[in-house]
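Protein chains: 2
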Amino acid sequence: MMVLITYDVNTTTEAGRKRLRLVAKQCVNYGQRVQNSVFECLVDPAQFAQLRHRLEEIIDQEKDSLRYYYLGSNWKNRVEHVGAKSTFDPEGTLIV
Amino acid sequence: MMVLITYDVNTTTEAGRKRLRLVAKQCVNYGQRVQNSVFECLVDPAQFAQLRHRLEEIIDQEKDSLRYYYLGSNWKNRVEHVGAKSTFDPEGTLIV
Numbered sequence: 001m002m003v004l005i006t007y008d009v010n011t012t013t014e015a016g017r018k019r020l021r022l023v024a025k026q027c028v029n030y031g032q033r034v035q036n037s038v039f040e041c042l043v044d045p046a047q048f049a050q051l052r053h054r055l056e057e058i059i060d061q062e063k064d065s066l067r068y069y070y071l072g073s074n075w076k077n078r079v080e081h082v083g084a085k086s087t088f089d090p091e092g093t094l095i096v
Numbered sequence: 001m002m003v004l005i006t007y008d009v010n011t012t013t014e015a016g017r018k019r020l021r022l023v024a025k026q027c028v029n030y031g032q033r034v035q036n037s038v039f040e041c042l043v044d045p046a047q048f049a050q051l052r053h054r055l056e057e058i059i060d061q062e063k064d065s066l067r068y069y070y071l072g073s074n075w076k077n078r079v080e081h082v083g084a085k086s087t088f089d090p091e092g093t094l095i096v
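Taken in sequence, the protein lines are chains A and B.
Here the numbering used here is used: the first residue of the first sequence is 1, the next is one more, and so on.
Here the numbering used here is used: the first residue of the second sequence is 1, the next is one more, and so on.
Calculated directly from the structure, the hints in this document are not laboratory data.
Where hints are given, some of them may not hold.
[To be verified] Across the chosen pairs, the derived CB separations fall in these ranges:
{"id": "1", "chain 1": "B", "residue 1": "80", "chain 2": "A", "residue 2": "25", "range": "34 to 42 angstroms"}
{"id": "2", "chain 1": "A", "residue 1": "22", "chain 2": "B", "residue 2": "61", "range": "27 to 35 angstroms"}
{"id": "3", "chain 1": "B", "residue 1": "45", "chain 2": "A", "residue 2": "15", "range": "37 to 45 angstroms"}
{"id": "4", "chain 1": "A", "residue 1": "45", "chain 2": "B", "residue 2": "15", "range": "38 to 46 angstroms"}
{"id": "5", "chain 1": "A", "residue 1": "62", "chain 2": "B", "residue 2": "54", "range": "33 to 41 angstroms"}
{"id": "6", "chain 1": "B", "residue 1": "72", "chain 2": "A", "residue 2": "14", "range": "14 to 22 angstroms"}
By construction, the Cβ of each residue, glycine as well, lies at the ideal position given by its N, Cα and C atoms.
When you get a sec, could you build the whole thing from the sequences and use the hints?
This is how it looks when you write it as structure tokens:
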């Protein structure tokens with residue numbers, strides 16, 4: 001299943017940028033970083049359970065938020081992109 | 001229909017922050033700012049055509065990107081939130 005994950009984090013702090021790097025690192029195991037803090041992950045239920053467990057350990061739940069959108073099987077018809085197409089290097093310095 | 005709009009913009013610049021404010025201002029006419037640059041908009045096709053036209057005029061298409069996710073009618077079952085629940089003031093200073 002396709003799960004869209006959006007991560008809201010304060011990237012003006014080094015700690016926030018680090019959490020974003022860690023979240024990205026987990027998400028790109030299962031999919032694609034389509035925007036700086038938006039990930040499209042193709043997972044089965046067991047993988048998703050594992051992924052979200054990891055993500056929820058990484059984030060600061062007092063400050064950050066994660067949203068999961070279950071896009072279903074017909075997800076390719078549900079997505080449209082406008083503007084710059086960036087390629088993000090999950091290991092590199094992030095541009096925020 | 002529910003359209004999820006994610007906006008990728010460099011908010012380290014004043015110009016980027018301004019574009020985000022303008023995008024947010026348009027989106028909140030139709031829905032909710034659920035994260036700093038993630039909006040859930042309930043629109044009919046005509047409203048959506050108008051909204052996206054405005055957004056695509058605001059953004060810098062060389063630098064920024066917008067993604068539209070058509071969540072369909074069953075969208076409430078497709079969304080899950082973890083962590084901080086922020087209320088964003090679209091007119092105020094944005095926390096990035």
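Consistency of the hints with the structure:
1. B:80 with A:25: 34 to 42 angstroms: Roughly 21 angstroms apart at Cβ, these two residues miss the hinted range, so it is violated.
2. A:22 with B:61: 27 to 35 angstroms: holds, 30 angstroms
3. B:45 with A:15: 37 to 45 angstroms: holds, 43 angstroms
4. A:45 with B:15: 38 to 46 angstroms: About 43 angstroms separates the Cβ atoms of residue 45 (chain A) and residue 15 (chain B), which means 38 to 46 angstroms holds.
5. A:62 with B:54: 33 to 41 angstroms: holds, 35 angstroms
6. B:72 with A:14: 14 to 22 angstroms: violated, 39 angstroms
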